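Number of protein chains: 2
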Amino acid sequence: MEPASRTPGVLGLQVLLCSSLLLNALLVAHHFLSALPAPSELLGATSNGGGSLSWSLQAARDAESVAATGCSGHGRVFLDGIVGEDGRPGCECNTCFQGPDCSVRTANCTVDADSGDPMFLEPYWMRHAEASAVVFSGWHRMSYRATDGVFQSVELERSIKQLHRAVGNAVADDKHMVFGTGSVQLLSALVYALSPDSNSGSSAGVVATAPYYAAYKSSTVLFDSRENHWEGNTAAWANASAGNATRNEDIIEFVTSPNNPDAQLRKPVVGGASAIVDHAYYWPHFTHIPEPADEDVMIFTVSKLSGHASSRFGYSQT
Amino acid sequence: MEPASRTPGVLGLQVLLCSSLLLNALLVAHHFLSALPAPSELLGATSNGGGSLSWSLQAARDAESVAATGCSGHGRVFLDGIVGEDGRPGCECNTCFQGPDCSVRTANCTVDADSGDPMFLEPYWMRHAEASAVVFSGWHRMSYRATDGVFQSVELERSIKQLHRAVGNAVADDKHMVFGTGSVQLLSALVYALSPDSNSGSSAGVVATAPYYAAYKSSTVLFDSRENHWEGNTAAWANASAGNATRNEDIIEFVTSPNNPDAQLRKPVVGGASAIVDHAYYWPHFTHIPEPADEDVMIFTVSKLSGHASSRFGYSQT
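The listed protein sequences derive, respectively, from chains A and B. Each step along the first sequence adds one to the number in UniProt numbering, with nothing skipped, and position 201 is 201. Each step along the second sequence adds one to the number in UniProt numbering, with nothing skipped, and position 162 is 162.
Quick caveat, the hints were computed from the structure, so don't treat them as lab data. Every value quoted in this text rests on a predicted model; they were computed, and no experiment measured them. Careful, some of the hints might be misleading.
Which copy? The list can't say, so a pair holds if one copy fits it or any two copies do.
[Stated by the list, open to error] Only pairs whose alpha carbons sit at most 20 Å apart, straight line, appear in this in silico SDA-like list of lysine to any residue:
| hint | residue 1 | residue 2 |
| --- | --- | --- |
| 1 | K161 | I82 |
| 2 | K217 | E227 |
| 3 | K161 | D174 |
| 4 | K175 | V15 |
Just need the whole structure built from these sequences, with the hints factored in.
Here is the structure:
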């Protein structure tokens, strides 16, 4: 065939075909290059130029697949849930629902509403799924130390201070921060820290104004320390302080603001006592914030702030 | 144009072109359908038929990008590391290295080798990157309860028992398991649990055979409880037990097997005492396993088993 013999139509077809085939080749190449895991030897700097995923892909698929499983709106599937006969974690049903997809209502079932489970915040995190997703590698921060030789995450501390500045509920910038496995652990640690040395012969009395959080009493009694002991309601001390100059240095007072269960914004009652101010609920979704809190010893917890109760994270600022 | 006037060559071109265009359309459609986040309203059952990712994609990309960052082999980047001027977490350098990519050796620097950091296991987890990756959603197990109303993960307990069966280092199946924030927390909890009630007028003596792990003494002394006290080395009791029938019910003995630092496979020394057997290092990568451990009270920790020291997870089996 000589080129001169072709009609313009055939030439056009050929140009179109070539372009189309070239496009085919590009798309096929793109598809396979982005689908194949990037080669990596101990995950060196060579892998992952940009959009493609390798080692995290399967875990991400598993997580999305679990999140998309339906439990009739009466339960949830978790990645680390109990694995069923099909080798996959199954639905964990809300109280009074049962069956593989939680669709069966349990007969004569009573729901126990006496719980502080913060599940009302779950839809918020589902709506912000992309912003709150976290991918952990198997070798994430294996060391005992958290950040550059420090035992506590410097970045987390910075984020918490930034949050308090944005919300305006606490003066955090000049405070020293200590992280704990839930705030209850820190309550005990603070009672210990504020108690006199038992070799001095004295023992601190621990008090709170009724109605108060039961763990103030139970944790103090549990440790049965020589350095402190539970002394009950503040009522007696409040009257005594008003009347005369009783020495209160060895009193440790738990103050909850707002209080649980009566929602009062409380102040210390015993003059001269060491106050541990529990601000677990001092956030705008639980109370109004008349001014940023600025006590010497303050306690916060994510079980109330964000609703992540099972992650057991609290912090104290002193 | 009538079809009859076409040459076979032009017809072939047209068929090829049509096929090619169709393939293009399919590939383009596939590309965009898999790249776009699947629509989801509170992540219902509609999203994610299979291969495509939506809410976890960005987090997975961030994690892989961080993992692929080079720190000259003398440091690491972590997702939650300190954010630099470019808005991204930077290299955290090993001791004696510095600079943005940890390539500069610090002059006259001495490495402190006196640390139990289990970083020698890091390359193992990097080699098993895909199998050990975990993707957390923002609403993962927010409740105080872990599995179906239980406060502890049933699936994790099952996996731990399976592991002990496979390794053959402990008889775990008939044991009751308690999880703790690191094993040190459980050491204290066990001393508490094995002590007599202080109202009975007695106080348990806590002992260990030297050389022993310093936390046995320091944690007992720290709590300064009315129910127990540190009594030092077992040497005195060992002699006494051999000679006469001294009552040892109120002695709590820490036994580490293999011991740290002398690697001895130890047995309890004080007859009649309550033994807390610390099997932190009773794994085949630290010692040989003559037989499965089967004591009444055993302690294990992932900081030694898998090297995940900062995840603070220990468990006791009783």
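Now for the hints, and whether the structure bears them out:
Within a single copy, K161 and I82 get their C-alpha atoms only as close as 38 Å, which misses the 20 Å cut-off; across copies the closest is 14 Å, which meets it. For a Cα distance limit of 20 Å, the shortest separation of K217 from E227 qualifies both inside one copy, at 15 Å, and across copies, at 18 Å. When the C-alpha separation of K161 and D174 is checked against a cutoff of 20 Å, the pair qualifies only within one copy, where the shortest distance is 10 Å, while the shortest distance between copies is 47 Å. For the identical chains of this complex, K175 and V15 are neighbours neither inside a copy (71 Å) nor across copies (75 Å), given an alpha-carbon limit of 20 Å.
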